[in-house]
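Two independent chains are provided; combine them into the complex using the hints.
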Amino acid sequence: MKRRKSGPVAVVVADDQLRGAQSGERGMVTASVGLGDGFKKSLRQLLSSAPFVGRDLVLGFEGSAVLIESLVLPPGGAKDARKACADRLKGDPLFNAEKAHLGMAIESMPASDGTAPSALAIMAAINKERLAEVMKACHEIEVNVMAVEAAALATWRAWSGTGVQARLVCSGSQAALLAGQDDKLLFCRTIEVPIHAPELQATIARAASVLACEGFASITATGLDETVAGPLAGELGLAFEAPPQAVADAAAAGLATVGTVLADFTPPEERVLREKRRVRKVSVVMAAVCAALVLGAGVLGTQKIRATEDKQANLKSRLEIVRADKHALEEVSADLQRDQANEQIIDHARPGHRMSTLFSLVSQSAGDGISIETAKVVDQPLADGKTAGAAAASSSGPRRRMLDVRLNGLARNGSAMRAFAEALLATGAFTDVRIEASERVLLGTGIEGERFRIYAQAETR
Amino acid sequence: MTPGARIAIVAVLLLGASAGVLYPLHGSLAEAQTEVELLEADLARDAGVHDLLMAAHAERREVEQRMSERAFKLCPNTPEAEHEVESNLQTRVEESKLQSVKMDRRNETLDGTDPSLVFELLVDGDGAALKRFLCSLEEMSWVTRVLSMEIASGSNTRRINIQIAVMLERKS
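Going down the list, the protein sequences come from chains X and V.
The opening position of the first sequence corresponds to residue 1 in our numbering, with each subsequent residue numbered one higher.
The opening position of the second sequence corresponds to residue 1 in our numbering, with each subsequent residue numbered one higher.
Bound-form chain V, shown alone (with noise of 0.2 Å):
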């Protein structure tokens, strides 16, 4: 064999060994840059995200404000919420010299859209008593609504049957 068919061998050789060497390390160049596109792509795709959380803390916050401006709440969805609802109401029938005789509460959707605390007195007392008590329940920080009202017949003091909603803030 020439020295010329050698050092080709060898050159052959060393090219084969320099290509075994580099190969992977191509392909994990490769495979890095790939997955560098792949995130690129996906920042691109989501380059908005922070401009719209920004814009929808600040449309929340202008929501809040609104609604801490108000004379007026919803009351907060929470059991212990209703009672202290429930509570405040009994403490209102009482001051307002209504003798209560029954007091039931359900949830329920008023006008098929507004979750709301349904409450149903049945009392008993005179048009003073009853008065009060409505001038007491519009003094609520809450949004209230009398449904109905049917005052039975009778003397001075008579029964009357209230439908008391109180509006719920709706759950997330």
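Pulled out of the complex, with its shape left as it was, chain X reads as follows (with noise of 0.2 Å):
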């Protein structure tokens, strides 16, 4: 949204009238309104009168409350201005040091047939119980007073110029003559309405001597009715010229205008709180800066913490799944490893033959001559030199073992007990069938026999 760009707005405040102008994009906003009702009210009429924007007031003071005198400083006088001015006013009964403020503007004057520059003081002084009065209003009403001065003064500004100009301003009760070079103004009066001529012609002439020239050739002159302004032209024998732009009143659009103010009459108090207001502006302003830059950095920071907290929630559930895949790994791992053990035992401890089928064989290989009266088979584990437990890690396959067999009985004979113990080992299965002992004996029918002991070893896996 683009601001609008307006300057404050001029009042003027006359004895019996306030008149307000506004320059802003649209042009010079003007209005006025009596001051019957009194200040305070009138001022409210004549804000809302018009499409003024903004609280921000320049008051121009003019008529009975305001004094304005040109004085001619003697050379190196300027640093006694002050002193001089106060002199100046000293007995009068409205603008005495204890009545009035007193406000000065000090100029150069420019140097002319080879006298030295002198200074000059345009001296303006305003009522300080009115100007306590229209502060009060103010405040009431709550608007800001940027500037105070004296509204003849700010005629100057109405509209530029080039060269010597001399300026008869008419504004309701009051009149002005104004006189400068270029942009700077050098003499002020006021002259009573209506206007004569000679008070006219001789503030005129005054006016040229301060600015030390022989006479204005024209004058321009605004808010002069032509009924009054043909004869006194011919009365005077000089010619009023309108200004370059149509201004309906000078002081107030001087008062709108942005520049040098000569005379500020702004009352110290205001000016701290002008002081105070604009701290307190531009810290309003910081601090909604701040606030907006914290809430920025709050708002983003807390969405860039909850989004971290929500990757750290996740990251949980994760690491929770995680941790039950290592939980579950383990137990997995520890199921797998018994079930491999398992296995290793079935391969390790399965038997690699049968009892039965070497039962049958050591039956069978007993023939007719051979009684067995005791057999023992004993399974044990093949130790390889090395202990049993060790060689059942190392080994991947049935682990080796060996049955030792040991038959004792008795053989019909030598023979007998030998075509056993041959029996034995053609059948494969052993490695080695060994007739440990044998005797002859005298069995109980009388007949010798012989008894015998073999022993015999089946390697196994």
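Not one of these hints is a red herring.
With a straight-line cut-off of 25 Å between C-alpha atoms, the simulated SDA-like cross-links for lysine to any residue are:
#1 X:K376 to X:G352
#2 V:K73 to X:R354
#3 X:K304 to V:A30
#4 X:K376 to V:E95
#5 V:K131 to V:M103
#6 X:K276 to V:S18
#7 V:K171 to X:V332
#8 X:K376 to V:L147
#9 V:K97 to X:S360
#10 V:K73 to X:E459
#11 X:K376 to V:V118
#12 X:K376 to V:G154
#13 X:K326 to V:R170
#14 X:K311 to V:P24
#15 V:K131 to X:Q457
#16 X:K276 to V:A17
#17 X:K304 to V:A19
#18 X:K316 to V:D42
#19 X:K281 to X:S23
#20 X:K304 to V:L22
#21 X:K376 to V:E120
#22 X:K316 to V:L38
#23 X:K304 to X:S317
#24 X:K326 to V:E59
Derived by calculation from the structure, the hints in this document are not laboratory data.
See the structure below:
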């Protein structure tokens, strides 16, 4: 949104009326109201009677509350200008030091005819009581008084000109003759209305002498009725010209125009308040910017924290899953180890032989002449020089084992015994068959026999 | 005090207040980020766990498949299963026409590594009955092993002492 650029509202405080003006993008806005209902009410009416923007005011006093004088200071008297002005007002019933604020502007006079340049003071005094009354009213209706000056001095800013100029500005019950060079105002004096030609002529002569010129060929006049202007010009032998731009109210227009304020009468407390307002305004702007930045950073930071916390929660849930996986892995690994160990047990421990077959082979090998009294079969691991456990751990298939078979019995004779042993060996099941002992014995029936002890080994997996 | 100084003081105060508001936020953010980094490090360290788990599952299924395809299996290492084996063995003794005199049972670690249930049977019977019993024993689905067999002297019916080991599953 584009902000409208408008200056402060210029308010000319005359004896019987208030006149307002404000320059903006749409040109100059003007209004005027009478002072019949008091200053406060009139000011409210003035501000609401035209589309004025903002609550910043520039006040310009004119009429009986203001005194304007131009003084030519002696050479080197610029330093004591204030004293000279105060001396000038000493004894004045309305504008003495106790009753009026004194303001002045010191200008240097242009040098002419070999004379040294001298100083000129334009002195303005505003009645303290009137000023206080106006300021109080302004405070009460909460407007910001940006500057207070003499309206007559401000009229010089209403339009610009070049070279030596004289301007006659009439507004209401007061007229003012201003003279200056280029943008510099060097002379100002108020004139009673209706304007009398001799007074005006004397004032013009005074202005010419102050500006050190012989006179003015023409005077730019505004606010002067043509019925008055014609005869007056005739009497004075001067020509009145219209200003380069139409200005209905030169005082208000000058106040509304930005430029150098020659004498600012803004009360010190108002200046303090203005500074405070400025500090407050800057502080509020800074606080707002700061708050916006903090808010933005806070929102972004909070969002970032929330996003990080979401990520954290996500990671935690993933970590939980991973932990569950780890736990499951431990269980599955344990189960796997157990299953592998069980599989290994089956591989290692499952006999590589059938005991029934061995028993059959022994039974079948024993012929008619053999009687087995006792038999003992022992299945034991084959250590191979190592411990059984180590052997078990190192081997991958069925563990090597040795079957020790011990047979005690009786044979009809030695041949039958040997045939039995050879038959055992011939089965291929035994790696070693040995007749450990044999002796001839007499059997109960008177028949001789052979008592034997056979040891056989069968290696198996 | 000049307006510039007042504005500067306000600016400093605002700066302090902003820092006071934002610092805890910064702390929380830093804390959260640190924890996220730790969690990410933990996750990165355990990145391969899932694959390991899948591999372990697959390997276990293979082992179980191989085990199920075997003709013999290990006896569960539980009292109920041991009791069942004992009953089964007793039945087989009777079916083989052997006369059971005594049957003892004890847990033993065969060859120092393999847990087993060792039965010591004292039976009476002839050779044919013993042969039937041995055949019957070999038909059992559990891995069994005759550790020793001792046949005492006698006429037709003899006393036979048999030690049979039934292989037990290894406890996890």
